[in-house]
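Each chain is listed here by its residues.
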Amino acid sequence: MNAISEQQSSHIIARLQERLGEDSVKTDADALTEYGKDWTTAYRPDPLAVVLPRNIEQVVNLVQLANKLNFPLVPSGGRTGLSGGAVASNREVVVAFDRMNRILEFDAVDRQVVCEPGVITEQLQQFAEQQGLFYPVDFASAGSSQIGGNVATNAGGIKVIRYGMTRQWVMGLKVVTGSGELLELNRGLVKNATGYDFRHLFIGSEGTLGLVVEVTLALTAVPRDPTVLLLAVNDMQSCMEVLKTFQGRLQLSAFEFFSEPALQHVVSHKGLQRPFETQSPFYALIEFENDSESRLDEAMELFEVCLEAGWVLDGTVSQSVGQAETLWRLREDISETISRFSPYKNDISVRVSKVPEFLSRVDELVSARYPDFEIIWFGHIGDGNVHLNILKPEDLDLKTFQEQCGKVSREVFQLVKNYAGSVSAEHGVGLLKKAFLEASRDPLEIAYMKAVKKVFDPNGILNPGKVFDIQ
Amino acid sequence: MKVLVAVKRVVDAYVKVRVKSDHSGVELANAKMAINPFCEIAVEEAIRLKEQGKAEEVIAVSIGTSASQEQIRTALALGADRGILVETDQEAQPLSVARILKAIVEKEGIDLVILGKQSIDTDNNQVGQMLGALTNMPQGTFACKAEPGDGTITVTREIDGGEQTVALKLPAIVTTDLRLNEPRYASLPNIMKAKKKPIDTVTPDALGVSMESRIRTLSVEPPPQRSAGIKVGSVDELIDKLKNEAKVI
Chain F
1 MNAISEQQSS HIIARLQERL GEDSVKTDAD ALTEYGKDWT TAYRPDPLAV VLPRNIEQVV
61 NLVQLANKLN FPLVPSGGRT GLSGGAVASN REVVVAFDRM NRILEFDAVD RQVVCEPGVI
121 TEQLQQFAEQ QGLFYPVDFA SAGSSQIGGN VATNAGGIKV IRYGMTRQWV MGLKVVTGSG
181 ELLELNRGLV KNATGYDFRH LFIGSEGTLG LVVEVTLALT AVPRDPTVLL LAVNDMQSCM
241 EVLKTFQGRL QLSAFEFFSE PALQHVVSHK GLQRPFETQS PFYALIEFEN DSESRLDEAM
301 ELFEVCLEAG WVLDGTVSQS VGQAETLWRL REDISETISR FSPYKNDISV RVSKVPEFLS
361 RVDELVSARY PDFEIIWFGH IGDGNVHLNI LKPEDLDLKT FQEQCGKVSR EVFQLVKNYA
421 GSVSAEHGVG LLKKAFLEAS RDPLEIAYMK AVKKVFDPNG ILNPGKVFDI Q
Chain Y
472 MKVLVAVKRV VDAYVKVRVK SDHSGVELAN AKMAINPFCE IAVEEAIRLK EQGKAEEVIA
532 VSIGTSASQE QIRTALALGA DRGILVETDQ EAQPLSVARI LKAIVEKEGI DLVILGKQSI
592 DTDNNQVGQM LGALTNMPQG TFACKAEPGD GTITVTREID GGEQTVALKL PAIVTTDLRL
652 NEPRYASLPN IMKAKKKPID TVTPDALGVS MESRIRTLSV EPPPQRSAGI KVGSVDELID
712 KLKNEAKVI
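Which chain is which? The protein sequence lines are F and Y, in order. Each residue of the first sequence is one higher than the one before, starting from 1 at the first, in the working numbering. Each residue of the second sequence is one higher than the one before, starting from 472 at the first, in the working numbering.
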């Protein structure tokens with residue numbers, strides 16, 4: 001799609017105002033800057049206009065107009081993405097769902113809730129709590145991210161090992177395709193063996209196939225007494241043994257890890273207490289539901305097994321909800337704590353069993369190239385998802401640092417390819433990972449993706465330039 | 472020095488409690504229970520005294536049903552040497568608790584009693600003071616600092632607008648405030664070792680204390696619901712509402 005001229009711009013804005021009402025179209029500089037970017041900082045926002053539809057009909061109208069006048073649309077939720085999926089830097093029209101933020105229906109027998117895409121994740125979590133139920137997809141940005149965006153990116157987070165990704169909770173979807181047609185998918189059915197389930201094509205498609213306009217989500221029972229174990233583990237191989245041992249006997253709701261430098265940063269920056277005096281290269285944070293007395297005994301037995309095998313050196317268990325929360329902070333506050341070092345961040349995954357080997361290869365690579373760089377590891381190791389963070393040395397300027405990290409990226413992604421991993425475990429491709437898509441996906445597969453895109457969005461109206469380019 | 476700490480089993484401070492439908496109390500069925508946070512601080516202080524070589528033995532006592540053993544075990548895992556469970560199904564009201572503690576102090580020859588200043592369930596703030604009256608021991612309440620000396624303990628107390636430092640002659644009572652220390656986590660190896668530490672079970676009767684109830688709860692009410700906020704369209708509207716509706720300016 002070619003750049004839009006000034007004359008076309010004012011024409012488009014006038015038509016938008018005509019069709020959707022003047023108060024639904026924003027063109028002031030503040031709105032354009034705010035809605036033109038997500039949490040990715042590398043891109044300059046430059047949208048043509050921001051449109052805030054109030055209902056499905058307006059969304060259909062908007063997409064039809066975009067097809068007619070040939071202007072691109074960028075769907076926008078809470079804009080907490082980290083790969084530039086919601087960035088509009090090329091005179092696109094941003095479609096923000098802030099005004100479609102109602103919870104429409106709830107059924108206690110189905111344990112399903114129907115909501116508009118602009119409902120904020122935390123709002124849904126609180127709604128579930130009021131019904132005595134639980135929406136388990138949770139992550140650091142839950143206070144800002146919207147359900148529509150969660151679906152479009154198949155958001156994951158900290159409870160994936162127990163509850164899966166957003167995909168697992170979507171029981172029904174209404175989407176407006178790139179050709180401006182309203183599709184209703186699966187209608188809340190648990191079982192439905194009647195051909196292709198397009199729902200799953202739209203989940204995680206990063207707004208390139210259709211706009212999510214209504215979501216039916218499943219809710220589940222509230223977990224009882226989530227209890228946290230924090231273990232000092234000897235090395236990554238031991239960490240995997242610990243995972244295997246605990247997973248064999250307990251249903252875990254989280255298995256996270258972080259390295260000693262990560263712990264040191266959090267403890268000193270946040271003024272938190274070290275969980276124990278023992279220092280070890282890595283720590284594993286395990287959460288399980290302590291739903292009966294024998295469960296805790298079982299966890300203790302497993303700890304003994306790990307201790308005797310020499311995999312763990314020390315550990316603690318939360319004695320109260322408050323302690324569970326403080327132990328979680330040791331993991332969850334890492335990102336915020338290291339943000340003052342302008343870190344280079346990467347969200348990658350390999351098969352769970354390959355994690356230790358992969359990790360040490362990346363370590364070797366980075367320290368061979370740049371011995372002064374400090375590496376901080378943490379992540380959802382139970383899912384094979386690790387976050388690689390490289391801190392900027394104080395005396396290095398940001399530009400040089402980013403250039404050097406760019407070089408590291410290419411080599412890291414080559415390693416990801418060798419280990420049959422993913423260059424983006426849960427942050428999506430967007431703009432940031434587009435150039436590296438082939439490290440995770442076969443050219444044939446990418447060709448099929450493009451063909452699918454053509455089916456639902458023949459004119460390339462939706463989020464052009466994201467995930468891959470179509471020539 | 473022999474130190475006695477009391478640990479009370481209370482509803483976890485982070486649990487949102489609901490009032491029972493008959494208003495007789497709060498719903499505790501299936502609720503997460505934990506050591507009263509002020510008692511946790513008392514345990515930590517006692518263990519620190521032991522680690523500094525100033526206390527020879529730390530005894531943790533709890534009054535309640537057999538479920539309170541769980542809280543004693545936690546105290547043992549944190550570093551207490553042995554436990555005493557005073558087993559009773561009846562509600563432990565402050566005067567009965569103080570009498571039980573007095574009996575134990577006398578039986579065990581305790582030099583220092585460290586208690587939480589209050590428990591977060593009933594918020595009475597009475598036991599330490601009552602124990603002082605019953606035993607004639609000096610008390611340093613709301614402690615934010617405690618330094619044992621030779622046959623004495625110097626306690627810095629949180630008071631309105633400042634601090635007060637008092638010197639107490641042992642045996643004495645200290646009740647803890649939040650700033651006294653930051654309790655440690657119970658380490659898993661220590662939790663395992665704590666399983667082998669002894670817990671004696673006694674009844675209030677055996678200590679010569681009656682659990683007779685002196686306080687009757689008439690009704691428990693939840694706090695009034697706050698009404699929802701509104702959005703105003705302009706500064707003028709805000710000022711108008713503050714003036715004429717809220718009447719605060």
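To be clear, the hints were calculated from the coordinates, so they are not data collected in a lab. Computed from a predicted model, the values in this text were never measured in an experiment. Note that beta-carbon positions come from the ideal geometry of N, C-alpha and C, so glycine has one too. Careful: at least some of the hints might be erroneous.
To be verified - To be clear about the criterion: a stretch of chain F counts as covered by chain Y if any three or more of its residues have a C-beta under 8 Å from a C-beta of chain Y, and this derived list gives those stretches:
| no. | region |
| --- | --- |
| 1 | 314-324 |
| 2 | 347-361 |
| 3 | 440-450 |
Unchecked claim - Computed Cβ-Cβ distance ranges for the label pairs, DEER-style:
| no. | chain 1 | residue 1 | chain 2 | residue 2 | range |
| --- | --- | --- | --- | --- | --- |
| 4 | F | R54 | Y | R697 | 27 to 37 Å |
| 5 | Y | Q597 | F | G143 | 36 to 46 Å |
| 6 | Y | V673 | F | D297 | 57 to 67 Å |
| 7 | Y | S698 | F | L104 | 30 to 40 Å |
| 8 | Y | V719 | F | N55 | 16 to 26 Å |
| 9 | F | S9 | Y | V490 | 23 to 33 Å |
Unchecked claim - Non-contacting residues of chain F with respect to chain Y, defined by C-beta distances greater than 12 Å in every case (computed):
| no. | residue |
| --- | --- |
| 10 | T27 |
| 11 | R91 |
| 12 | L104 |
| 13 | A232 |
| 14 | N290 |
Checked hints:
1. Counting residues of the region 314-324 of chain F whose beta-carbon sits less than 8 Å from any beta-carbon of chain Y gives 10, enough to reach three: the coverage restraint holds.
2. Given a C-beta distance limit of less than 8 Å, the hint that chain Y covers the region 347-361 of chain F is violated, as 0 residues qualify and 3 are needed.
3. Check result for the region 440-450 of chain F against chain Y: violated, 0 residues qualifying (beta carbon to beta carbon below 8 Å, three or more required).
4. Against the hinted window of 27 to 37 Å, the Cβ-Cβ separation of R54/F and R697/Y comes to about 29 Å, which satisfies the hint.
5. The hinted window of 36 to 46 Å between Q597/Y and G143/F holds, with their beta carbons roughly 41 Å apart.
6. The supplied range of 57 to 67 Å is broken by V673/Y and D297/F, whose beta-carbon atoms lie about 26 Å from each other.
7. A hinted range of 30 to 40 Å is violated for the C-beta pair S698/Y and L104/F, which are about 25 Å apart.
8. For V719/Y and N55/F, the hinted distance range of 16 to 26 Å is not satisfied, since their beta carbons lie about 39 Å from each other.
9. For S9/F and V490/Y, the hinted distance range of 23 to 33 Å is not satisfied, since their beta carbons lie about 60 Å from each other.
10. Separation of T27/F from chain Y is adequate, the least Cβ-Cβ distance of about 21 Å exceeding the 12 Å criterion.
11. For R91/F, the requirement that its beta carbon stay farther than 12 Å from each beta carbon of chain Y is met, with the minimum near 32 Å.
12. With 12 Å as the threshold on Cβ separation, the claim that L104/F sits away from chain Y holds: the shortest Cβ distance comes to roughly 20 Å.
13. A beta-carbon of chain Y is positioned within 12 Å of the beta-carbon of A232/F; the least distance is around 10 Å.
14. At roughly 9 Å, the least C-beta separation between N290/F and chain Y is not larger than 12 Å, which violates its mark as non-interface.
In this structure, the earlier hints numbered 2, 3, 6, 7, 8, 9, 13 and 14 are contradicted, and the remaining ones agree with it.
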